[in-house]
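S.K.: Each chain is listed here by its residues.
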Amino acid sequence: MNSHILVCDFDEDLISRLQNQNFVVRVESLDLIPHAIRVVQEKNHLHTFWLHTDVPLSDLPSHDLENTGAVPYYIEVRGLGNFQESIGKIRLLRSLNVMILIPEDAPGSYRDCKILSSLFVPCGIKFGSQNPAWDSLADLMSYFVYSKVPHAPIEPFHFVISNYDPQKRIDFNFIYFEDPSKFLHLDARGWIALSRKDLEREEFISTDLSQLDQIEDLPAYGQRLESWREFFLKPDGCAYCPGWRICLGKFEEGADKESGCKRFFSEWMDATEYYQVQKARSEVAHKTW
Amino acid sequence: MANILLTQRCVRSCPYCFAKEHMSRSLSDDMLSWEDLIYLADLLEISGEKNVSLLGGEPTLHPDFVNFSLYLLERKISVTVFTSGVVAESTLREMSSAFQGVLPDGLHFICNLNDPDLSSPEEYEQIRSFLGEFGQRTVPSFNIYHLDFNLEFLFQYMNQYGLKRAIRFGLAHPIPGDKNQFVSIQDIKRVIERLLSYTPFFQRYRITLILDCGFPMCAFSDEQLGMLYRITGDNFRFGCGPAFDIGPDMMVWSCFPLSSYHKKSVYEFNSIQEIVNFYQERLRNIRVEVGGIYEACDNCQYREEGKCAGGCVAHLLSAFRNEERVRIEEIYL
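Taken in order, these protein sequences are the chains called A and B. All residue numbers for the first sequence refer to the numbering used here, where the first residue is 7 and numbers rise by one. All residue numbers for the second sequence refer to the numbering used here, where the first residue is 44 and numbers rise by one.
Accuracy of the hints is not assured; some may be wrong.
As the list claims (entries may be wrong) - Below 20 angstroms or equal to it, Euclidean Cα-Cα: the simulated SDA-like pairs (lysine to any residue) are:
no. : chain 1 : residue 1 : chain 2 : residue 2
1   : A       : Lys268    : A       : Phe237
2   : B       : Lys119    : A       : Ile96
3   : B       : Lys119    : A       : Lys268
4   : B       : Lys119    : A       : His51
5   : B       : Lys119    : A       : Leu98
To be verified - Some chain A residues close to chain B (C-beta under 8 angstroms, calculated; not the full set):
no. : residue
6   : Gln90
7   : Ser148
8   : Tyr152
9   : Arg202
10  : Lys203
11  : Arg207
12  : Ile211
Read the hints as simulated data drawn from the structure, not as lab findings. Given the structure is predicted, the values throughout are model-derived calculations rather than measurements. The C-beta atom is built at its ideal place from N, Cα and C for all residues, glycine as well.
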């Protein structure tokens with residue numbers, strides 16, 4: 007039995023070929039969602055809808071948002087856009103089970119995440135390049151971790167600091183459905199890839215959908231899951247960075263690591279440890295009382 | 044109450060302006076950023092503050108003025124905007140559309156109105172357009188800086204545009220170390236006489252008076268205090284602070300006349316109360332040196348009881364600048 011969650015673009019034929027699977031369904035338009043929900047739930051289970059658009063939040067039709075109900079959503083938009091148009095939608099989003107995902111290269115992405123979080127809308131930054139604006143990213147992370155005022159989660163910071171265990175590996179790509187230990191990506195033919203990027207590059211681990219249950223037995227699968235170990239074979243590589251446990255070498259090709267990714271991930275690591283200490287103190291306090 | 048300056052830019056050049064010394068030292072293109080606004084909204088929230096004032100310069104000049112206001116309202120913070128009413132047509136249109144559904148309690152304007160003779164015809168038209176659109180949310184404000192001021196135009200505006208039945212009166216104070224037109228200590232009583240000569244109008248139009256800080260209680264006769272009570276009820280005070288201003292550069296100071304006095308970064312404080320306490324302590328130090336603007340302030344029962352602050356400390360600081368430096372050093376900072 008396949009324990010992975012399957013990620014695919016909405017395709018009625020593909021989804022109907024499978025049974026009792028958990029799906030992350032990617033759609034390009036909100037008005038497709040009511041129909042897509044019916045199709046997925048006929049024989050399978052819905053994990054999340056992932057609306058991918060190239061427009062800002064202000065340009066999404068309000069009416070379609072109202073019809074989305076309690077289903078979990080990722081809405082990937084290019085920022086807030088016109089704030090006055092967005093504000094009504096922000097009120098609506100607070101009543102939905104939704105996370106707004108903003109690509110880091112969208113104009114004002116970090117600022118918009120902060121606005122959304124402060125208005126209690128869960129949100130996240132989606133990494134793209136190897137050289138994001140590290141200072142803005144660090145500012146956003148600090149806001150999420152250290153701000154004393156209640157606010158909504160900002161991903162992937164929330165995922166990491168809430169689930170961090172010093173004894174285990176944590177991969178924040180989970181947030182983007184890119185962790186191959188949890189997610190598999192399917193194209194319209196049912197060919198299987200270990201990430202969205204692999205899918206786009208047509209680098210499939212299997213071209214046989216019936217192999218889904220045996221995917222973990224394939225050598226390539228095991229190699230991918232253990233590929234992080236290779237960093238330890240490179241002298242002075244990412245594995246020797248203080249931020250390694252969170253980064254896992256994702257920004258290996260980035261420029262100016264010292265003042266860029268190394269500094270940022272070290273700060274994130276400190277913030278995570280700070281959170282762990284606070285959490286432990288709070289648990290002790292609860293036990294005392 | 045925290046006053047947040049969205050921008051240092053202004054559209055007017057009022058002769059009494061007590062902000063101009065501060066403005067002249069600041070970068071005119073300084074604009075409050077979104078990130079800093081969020082920080083300040085958090086600071087207000089953590090301090091339990093539910094109200095904020097947006098100032099300038101002219102706050103509507105900030106390109107995100109409407110967005111900032113909506114954001115604060117969304118965070119359940121009531122907004123009072125201090126404006127000249129000289130608002131660009133496009134901004135006014137944007138405001139009309141965006142603020143349409145905002146509850147009256149959430150958003151007010153305090154419109155600082157000068158005698159129309161001081162405004163150019165274009166400015167005058169812009170003010171009329173603003174009042175036409177937002178008159179019902181607006182308390183007119185008038186700064187007194189000379190003795191022969193005239194209030195009749197305010198009554199006309201109130202009737203014409205349905206302004207709120209209250210007028211905020213400010214006394215123009217000196218800027219220590221700079222020149223502006225202000226009401227001298229000797230003239231305060233005459234200003235009050237002139238102001239209360241309009242009592243029949245205040246009563247006829249049922250207008251309450253909001254006295255800004257700096258009016259000393261003893262400048263009013265008992266009869267004038269009684270008249271003030273009849274007009275305004277017991278809702279008047281002769282205090283000083285605890286409002287403070289935060290600039291677009293995130294510097295904080297006590298008030299415009301004292302904008303160079305113990306200026307600090309807002310990041311040095313953890314709450315609004317810390318800022319208030321800090322400046323109250325600084326002002327208290329000044330008043331330990333000199334009780335108030337009159338000699339009698341030193342032993343005044345009403346000052347000791349907190350019923351009167353003893354006038355604006357800007358007068359005192361101005362006086363200190365013209366004497367030997369014999370006082371505690373902190374006074375001169």
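S.K.: If a hint holds in the structure, say so; if it doesn't, say that too.
M.R.: Hints versus structure:
1. A:Lys268 with A:Phe237: Distance ~15 angstroms between Lys268 of chain A and Phe237 of chain A Cα, so the pair holds.
2. B:Lys119 with A:Ile96: holds, 14 angstroms
3. B:Lys119 with A:Lys268: Distance ~39 angstroms between Lys119 of chain B and Lys268 of chain A Cα, so the pair is violated.
4. B:Lys119 with A:His51: With Cα atoms ~39 angstroms apart, Lys119 of chain B and His51 of chain A exceed 20 angstroms; violated.
5. B:Lys119 with A:Leu98: holds, 16 angstroms
6. Gln90: holds, 5 angstroms
7. Ser148: violated, 11 angstroms
8. Tyr152: violated, 11 angstroms
9. Arg202: Since the shortest Cβ distance to chain B is 31 angstroms, the answer is violated.
10. Lys203: Constraint on Lys203 of chain A not satisfied, violated at 32 angstroms.
11. Arg207: Hint violated; Arg207 of chain A Cβ to chain B Cβ min 37 angstroms, cut 8 angstroms.
12. Ile211: violated, 43 angstroms
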